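Protein chains in written order, with my numbering: chain A, 10 to 251; chain B, 1347 to 1706.
Since the hints were derived computationally from the structure, they do not count as laboratory data. Please read these numbers as outputs of a predicted model, since none were measured by experiment. Hints may be right or wrong, so weigh each one.
Away from chain A, derived, C-beta distances all over 12 Å, residues of chain B [as the list claims (entries may be wrong)]:
1. A1426
2. P1432
3. T1437
4. S1444
5. F1449
6. A1494
7. P1499
8. V1579
9. G1668
Examples of chain A residues lying across from chain B (beta carbon under 10 Å, computed) [claimed, not checked]:
10. I24
11. S26
12. E64
13. R66
14. K68
15. V70
16. L71
17. T73
18. S133
19. D136
20. T142
21. L146
22. A148
23. E150
24. E160
25. F163
Glycine included, each C-beta is placed from N, C-alpha and C at the ideal position.
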Amino acid sequence: MLEIIDGIIQAFQLIVSLDPELLQVTELSLFISLSATIISTLIAIPFGGLIHFREFRGKRVLITIIQTLYSVPTVIIGLVVYLLISRSGPFGVLELLFSPVGMIIGQTVLILPIMTGLTISALSGVDRNIRETLVSLGATEFQNITQIILEARFAILGGIILGFGRAISEVGVAMMIGGNIRGETRVLTTSIALETGMGNFGLSIALGIILLLIALVVVLIMNFITSGALTESDRVRGGPQA
Amino acid sequence: MIRITGLSHQFGRREVIHGIDLEIRNGEIFTLIGPSGSGKTTLLRLINLLDRPTKGSITFDGMLTDGHENERRSIRRSMAMVFQKPAVLNTSVEQNVSFGLEFRRVPRDQIQMRVASALEMVGLSNFSRRKAVTLSGGEMQRVAIARALVLNPEVLLLDEPTANLDPLSTEIIEDLIVKINRDKKTTVIIATHDMSQGQRLANRMGVMMSGQLVQVGNLIEIFYHPVNRAIAVFVGIDPIRESVVESNDNNLATIAVRDVRIQAVTNISPGQQVTLCIRPEEVTLSLPDTCPTTSSARNCLPGTITHLLPYGPFTRVKVDCGVSITALITRQSSDDLHLSPGKQVMATIKATAVHVIPDR
């Protein structure tokens, strides 16, 4: 019990004093996970759009596979990416193992399915009539798809936030690909794992608090952006049906 | 302007419209009337080139429309359609009305002016910055109409444009449609199940029944001379069946309906099985033994009132004269004559008001 109280007190001291190591770990965590989220977004929106707007054989199967990958264990992604980029792997020459770039690749692969899947469901959430209305108004296919993606912007943003949340909170990829090298690839989650093992509860708790604060900031930003969006009850769709 | 030939369309195995031939003339207001589910919307969608027909063709000024999507789009851009259930995008009203112009790469400053004037036309000027999804059904409908009008289309397609609107807004929109047709020579095609709306707006009407265009004509033709029983019922007539032409003297025929004899102007020869259509407004009711005698051929049928049905400011009166006759009279005259079920009355119908359809 005393350890916990001591830990909490120490954690606040570390945060308030802006401990340099704490800051460095936080910065690296944010850098890696934000990079992974941005790269994944740039892939997931066009990819999800393609799957949603095109009809092809095996579409349902593909979507099911993507949805299954939502819950793929992080250590499996860690293993696969490890095999690919380790010295003897096909991308070994790039020397990405135990580097932040390797971690970014791993996290990108990790969150790509959930972000693609949520993009698809965001686009399917757009009223079919809207697509037809746009066609009727003379939209080209490109103009039409652009408008529908914009129409689904809040739901897509939700997917991006979720992807970021999964990236910053995962341990498997960061540990296996990054290697938890102090000052180089050590991030918030791997730090917590290590420090707890070494009995440095204060540092662990401080890192945990920071992770939660990041989550809070992300939620606040999202709520601010979507404050323009309406809650379900504010919507009046179509009015009385004839 | 628009020529439709042998048009059929299937959804899966179900044929929703079948063998439609129709020509829409430049600058006219054409109304498609018919019960819901009769294929009006499908026909409008095909004209708007949203779907490709299973069979048949549509041409615009002689141009075929079965080409590549790019060609179809350039033809589609000369039209605008207002859907029955308007869909608005989650952005401002102004932006919603701008989309069509943006797709056509109209310069910004022009878009602003045209959008402002379109919103003014539908009475939504004060709503331009509002979020479109917060609007009521009727307001959304008006946004949809503004969105179509702002394009200055050559052809305006309206699918039940006032189904969600109150009577006052309906009047505003109807006036607008007439004005646009008059001032800009826009060809307008309206699908409606509201016959009186068809009557108010249209130059010509087409009646659709279970996927087929069963009659095309002007108001008088459709309301007074329906070509079959189903249309007669749809336009508010209670048809009288099981009738036979008994004799025909110079196109003044005597028709036997069970024990009753009705005179009608028709060239159908004796012996033919027919259905009689009498518009209820054309039936006059009077008290017994007051049948006026005039030179024109009239039917004077004594009978008993079976029921009275209020019908807005009118009353629909069913009279059993050996055959059931329906009359539509003002509530005032119904009160004056003290009409009530069981009362004896005289139903008077001009021979020229009896429309005779030969049974097949």
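- Item | A:T73 as an interface hint toward chain B, with CB separation required under 10 Å | violated (25 Å)
- Item | Status of B:P1432, Cβ more than 12 Å from any chain A Cβ | The claim breaks: B:P1432 does not keep its Cβ more than 12 Å from every Cβ of chain A (closest is about 7 Å).
- Query: Would B:V1579 pass as off the interface with chain A, using Cβ distances and a cut of 12 Å?
  - Reply: It holds; B:V1579 is separated from chain A by about 21 Å at its closest Cβ, greater than 12 Å.
- Please confirm whether B:G1668 is truly not at the interface, meaning its C-beta sits more than 12 Å away from all C-beta atoms of chain A. Fine: 40 Å to the nearest Cβ keeps B:G1668 off the interface.
- Could you check if A:K68 really has its C-beta closer than 10 Å to a C-beta on chain B? Violated, about 19 Å.
- Do the numbers back the hint for A:S26, that is, is its least Cβ distance to chain B under 10 Å? At about 46 Å, which exceeds the 10 Å cut-off, the nearest Cβ of chain B leaves the hint on A:S26 violated.
- Should the label of B:A1426 as a non-interface residue stand, given a Cβ cut-off of 12 Å to chain A? violated (7 Å)
- Query: Since B:S1444 was said not to touch the interface, does its Cβ keep a gap of more than 12 Å from each Cβ of chain A?
  - Reply: violated (10 Å)
- Query: Does the nearest C-beta of chain B fall within a distance shorter than 10 Å of the C-beta of A:I24?
  - Reply: Interface hint status for A:I24: violated (40 Å vs cutoff 10 Å).
- B:A1494 clear of chain A by more than 12 Å, beta carbon to beta carbon? violated (8 Å)
- Message: Just want to verify: B:T1437 was marked as not at the interface with chain A; is every Cβ pair farther apart than 12 Å?
- Response: violated (8 Å)
- With a cut-off of 10 Å on the beta carbons, see whether A:L146 makes it to chain B. At 4 Å from the nearest chain B Cβ, A:L146 passes the 10 Å test, so the hint holds.
Of the numbered hints given earlier, the model fails hints 1, 2, 3, 4, 5, 6, 7, 10, 11, 12, 13, 14, 15, 16, 17, 18; all others are met.
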